[in-house]
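Residue numbers (our numbering), protein chains in the order written: chain Y, 160 to 767; chain F, 160 to 767.
FYI, nobody ran anything at the bench for these hints, they're computed from the structure.
Please note that the accuracy of each hint is not assured.
Remember, identical chains collapse to one label, so a pair may be satisfied in a single copy or spanning two.
Unchecked claim - DSS-like cross-link-like pairs, simulated, lysine-lysine; straight-line CA separation at most 25 Å:
(1) Lys679 x Lys489
(2) Lys654 x Lys715
(3) Lys713 x Lys654
(4) Lys525 x Lys731
There are 2 protein chains.
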Amino acid sequence: MKSSIKRYLIGRPLKSNELGEQKLNKTKALAILSSDALSSVAYGPEQILLVLVTIGAAAFWYSIPIAVGVLVLLLALILSYRQIIYAYPQGGGAYVVSKENLGVNYGLVAGGSLLVDYILTVAVSVSAGTDAITSAFPSLHSHNILIAVLFVLFITTLNLRGVTESASILAYPVYLFVIALFIMIGAGMYKIFTGQVTEALHSPIGTPVAGISLFLLLRAFASGSSALTGVEAISNAIPNFKDPAPKNAAKTLAAMGTLLAILFSGIVLLAYYYGISPNEQETVVSQIAESVFGRNAVYYFIQFTTALILVLAANTGYSAFPLLAVNLAKDKFIPRMFTIRGDRLGYSNGIITLGFASILLIIMFKGHTESLIPLYAVGVFIPFTLSQTGMILKWLREKPAGWRVKLAINATGAAISFIVSLMFFLTKFTQVWPVLVFLPLTILLFHRIKRHYEAVGDQLRIASCEAATPIEGNVMIVPVAGITHVVENSINYAKSLNADQIIAVYVAFDREEEKKFAEKWAKWQPDVRLVTLHSQYRSIIQPLTKFVDIVEHKSKEMNYRVTVVIPQFIPKEGWHNILHNQSSFLIRAFLLYRRDVIVTTVPYHLKK
Amino acid sequence: MKSSIKRYLIGRPLKSNELGEQKLNKTKALAILSSDALSSVAYGPEQILLVLVTIGAAAFWYSIPIAVGVLVLLLALILSYRQIIYAYPQGGGAYVVSKENLGVNYGLVAGGSLLVDYILTVAVSVSAGTDAITSAFPSLHSHNILIAVLFVLFITTLNLRGVTESASILAYPVYLFVIALFIMIGAGMYKIFTGQVTEALHSPIGTPVAGISLFLLLRAFASGSSALTGVEAISNAIPNFKDPAPKNAAKTLAAMGTLLAILFSGIVLLAYYYGISPNEQETVVSQIAESVFGRNAVYYFIQFTTALILVLAANTGYSAFPLLAVNLAKDKFIPRMFTIRGDRLGYSNGIITLGFASILLIIMFKGHTESLIPLYAVGVFIPFTLSQTGMILKWLREKPAGWRVKLAINATGAAISFIVSLMFFLTKFTQVWPVLVFLPLTILLFHRIKRHYEAVGDQLRIASCEAATPIEGNVMIVPVAGITHVVENSINYAKSLNADQIIAVYVAFDREEEKKFAEKWAKWQPDVRLVTLHSQYRSIIQPLTKFVDIVEHKSKEMNYRVTVVIPQFIPKEGWHNILHNQSSFLIRAFLLYRRDVIVTTVPYHLKK
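Based on the provided sequences and hints, a complete structural model is requested.
Pasting the structure below:
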C-alpha cells in the first residue's frame, strides 16, 4: 500500500538509461532555473526605496543611478557566470570554481553558504508567497504555517517526480508572471510617453537632497542587489540541460539576464515616474499596477502571478541544492547518500533534505521568515565574490586567448560582489552575524566528515597490510526462551553447520524456574549443552552479554569465531509485532555494535 | 550518556528480591491512592450546586438531602470494595470481580473502561490543576499546555522511580490539603455555631421551590457522585501494600472513606450556610474560604494546596493503571510487555503508556479537558455497577457465613451505581455517547489480541505434530559491494562453516563496472563463485531478492537451507552511521520478513 501511494505521488520508477529523457530544453530550463531570480524583482526595487524613504521622497530619484549600478553588477555577473559555465561544464558553480582556483577551504565556504542559502530560499520565498495569498483571502491567515508547509510538500513531491515534469508544470506560472509584468511595464511606459502621468509626481533627477550620504547610497545599492540572488542557479545545474549542455546553459543564462534587466529597470522607472512610496500595507508592484490600471482584472492578474512566482521561486532551490550536494558528496564532505539517484532519477535525498530543512525553518520562524532575507543575500554574495576571484586566478594562470577581457569581466564582478557583501556586514550586522558562526562550524563539520570517510577507506582497502586472522573453528550460542518450534528450528540449523560447539543459553528470573527448565531441556535436547543464567535485574541482555564476553575471550585464544544464533518468529501481519517483546532485535543490535560476534537470525514464519 | 541520564532521573536498578522494600505502608498508601478521590471534593459539591442553580438560589437547600444520598452511596461503595478486597486479595478490582462472576466480556467492559478512565483521570486532573495555578499567575496562562505536559512528565518520572519514592514525595501535599480543608471546615463551623453567620444567607431546609423535579434532583445527584471517582483505586492496588496486604488495604479504604465523607459533607454544609452560589470566576471552595477567612494567608494556603492536589490526583491513575494492565496482559488481552517490571520494579511500560496517552489527550484538547469529566464519571460508574453485581452473584453462589448482609451491601451499591450510570446517559448523552463507540471497539481489540496470542502459542508449542524439515545442506549467499576487508571477513567466515555452496553476489549499476568487477574478483577469490546482477532501477534490494528467491526455490527441493551472509562494517562512533548507506539493515529486514532465509551479519569493527 505504502508503495502504491508512492507510485501515485511520484510516478513509476525510471530505468537508469532513461536519464537522457529527463534533461531540460532551454524554455523549460529558463522557467525552472530562473523563477528565483525573476521573482526577486517583486521585492528588489522596493528594497531600494525603503532605504531612500528614510531621507524623504525627494531622494527617490537616486533609485535610477542605483538601478544602473545594479544593472552593471547584473551584467558583470551574467558575463562571469557565462565564462564559468564554459570553463566548468560539469556544473558545481561557485563551489567547484572556488575549490579549484582558490583552494579547498574557499570552495567549502562557497559550497556551505550556498547549501544553507538554498534552504533559506525555499523557506523565505514560500513564506512570502503564502503571505501574498493569505492577504487576498484573510480568512486563511491563521493557517499561514500550514499552507506554507503544504506548498513545500507540493514542490518537494513535484521535484521527486523528476526534473522535466516539474519544469512542465512550473513553466506556465513563470511565463505568465513575465507576461503580466511586461503588460504592466508596457502600459505604464505608454502612459508616460503619452503624457498621461503628471511631472509633479516625482522630483527631477539631480535634485539636491539634504542628508544623503555615500553610506546610505551603498546601503540602498546592497539592498537592491538582493534582486540578483538566484542568478548562480544555472551554473550549478548544467548537468540537467540537454546536449550541448554548456551552450544551452549559456543561452538560457543570457535570456534570464535580459528578462531580469528589463523587468528590474522597468519597475524602478515606473516607481520613480509614478512617485510610488513604499508602505507597509501595499507592495510597490501592487501600487504601480493600481496606478496604471486601477483595481481591475489586469491588476488582480498581476497580483496573482506575483504571489504564484514567489512560491515557485522555491523551485530554483530544488534544482540547484541536490546538484551542489552531489558535488560536495563526491568530494566526501557530506554523506554519500546525496549521490544516489532515486526512482525518478532525481537526487531524491537532496530533494527530501531540502524540503525537510525548509519546513523546519518555516515552523521555527512561525512563517515570519522576512528577517532571514539579509542573511540569505549575504549567503549569495559571498560565493559570488569567491567564484569571480577564482576565475581571476584561473585566467592569470592559464592565460587563454583574450584572457585580458575575461579577467576584466570577472574582476569587475568580484569587486562589486565584494563591496555588496561588505555592505551587508557594515549596514545590517545585527541580521547577518549568524553567518560568521554557522559558516566556520559547517566547514569544520565538512572536514570531520571527510576525515571519517578517508579513515574508513584506509581501513577497508584490501591493500593494507593487516592480514585476516585465520578461523580455526566456530562456537555457536543459541539464546533460548522456551521449548518451542522456533528454538528447535535454530538448534537444527546450528547443528547442520557442524559447529565445533553449540551452547544453548537460558536466562531465568527465578531459581525455581531455572531448575525446571534445565530438567525439561535435558530430556528434549540431551545432546545440546544448556547454560542457565540468573538475572537479578530482569534484563536479558546484560547476563547474555556477560556470557558472550566470556565465551568470546576463550575463543579468541584458539582463533575460534563466536556466532550468536537468534531464534525469531515472524508474525504473519506486520502489526502483530507490537504484541511481542522484540528482545531479539535489541540483542542483535547490542551484540553487533558492542561486541565482536557474528549474529545470525533464524526466522520462523508463523502461518496464522 | 543516555543511561547515566536515566540513572539520574529514576535511580539505580533494583534487584528482583528487593521488591518487598517497594511496598507501601498505610500512611503512604492513603496519600498516593486517595489523592484522586480526595481531590474530587474540590469540585463535587460545586457540581451539585451548578445543577440546582438552574432553578434558583432557593433550591440550594436540596444540596443537603442530595449530599446525604451521595454519602449513602459512598458508604455502600466503601463497604462493597472492602468485601472485594478480602475476596480478591491479588488485586484487579472491577476487572477480576466482573470476569470471574459475570463472564469474560463483562470483565472486559469493566477493565476497558477503567483503563481508558485512568488516562482521562491523568489528563483531566493535571489540566484542572494547571488551570488553577495559571489563574494565580496569569502571565503563565499562554503556556498552559506546556506546563500540563511538564507536570505529566514529572509525575511519570516520579512513578518510574518506584512506588515508595513517589509516595514519600506525594504524601506531603495530600496531607497538607486534608489539613487545609479541616481548618477551613472547623473555622467555618465554629462561626456558624457562635452565630457569626446570619440566617438570611440561606433558605431554610424544606422551603418549597417551584420547578423542582425528580429528574433534576437525580441529575444533581449524579453530578455530585463524580466526587466518588477514585474510590476503586485501592482495590486495584492491593499487591502494592505491605503484608498483610488485604487487611492494610481495607483499613486504608476505611480511612479514605471517612476523610472523604467529612470533607464532602463539610463543604456542602458550609456552602449551604454561607449561601454560596456557583459562578464562573471563582470556585465554590474559594468562595467558602474567602467567606470564612477573607483573603489572608490561610485563604492562599487553601487555594495552593487545592491546586496541588488536583495535579497530584493524577498519581492515583499511575498506581492503578499499571496493575490493571498487568491483569489484562496476563489474560493476554493486551500486549505482554505490560507484565514486565522495569529497573525500579514498577511496571514501567504501563507507566510510560499512561503518561504518553494523557499527554496526547492534553495536546489534542489543548488543555481544555473539562468536557471529558462526564465521560470519565461514566467510565467509573460502569465498572462500579459491574463489580457490585458480580459480588451479588458470588454471595448467591457461595453463601458464606453472614452472606445476606454482604449481599445487601453489594446490592445497594450496585443499584445506586446503576442509577448513577443511567442518569449520566439520560442527562448528559451528548457528552457521554463516545463510551458506546469506544467500549465495543476496545473489547473487540482485546479479543483479537488474545486470539493472536493463542494462535502463536499453538504454532510454537512443540507438542504440535508438525515435524521439522530435515536440513540436508547449506547454501550461503554473500552480497558484496567491493573488494575490501569487510567482504574478506565474511567470505572467510562462510568458508569456515563448510557450507555446501558459497555464492558471492554483486549488484552493478552499469555494464562496464560489472565486467571490471568480475575480472578483479576472479583474481582475488578464484575459488568463490561470483554472480553479478544488473540493476536497471538503481535498487540493490530488488535484484538481490529476486536472486535469493531463485536460489531458495532450488534449495527447497533438496532440503538445503539458504543463509544470506551480510558483511557489515561498524563505525567506531555511533554518529558515523548517518554517513554510510546502511543497505545492510534494509536488506536484512526485507529478507527476514518477506523471505524464508536465514540472515547472518558479520561485523567488521573499524578502529578509528
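Hint by hint, here is what the structure shows:
| no. | hint | in the structure |
| --- | --- | --- |
| 1 | Lys679 x Lys489 | between (59 Å within a copy, 23 Å between copies) |
| 2 | Lys654 x Lys715 | both (22 Å within a copy, 18 Å between copies) |
| 3 | Lys713 x Lys654 | both (21 Å within a copy, 22 Å between copies) |
| 4 | Lys525 x Lys731 | neither (44 Å within a copy, 39 Å between copies) |
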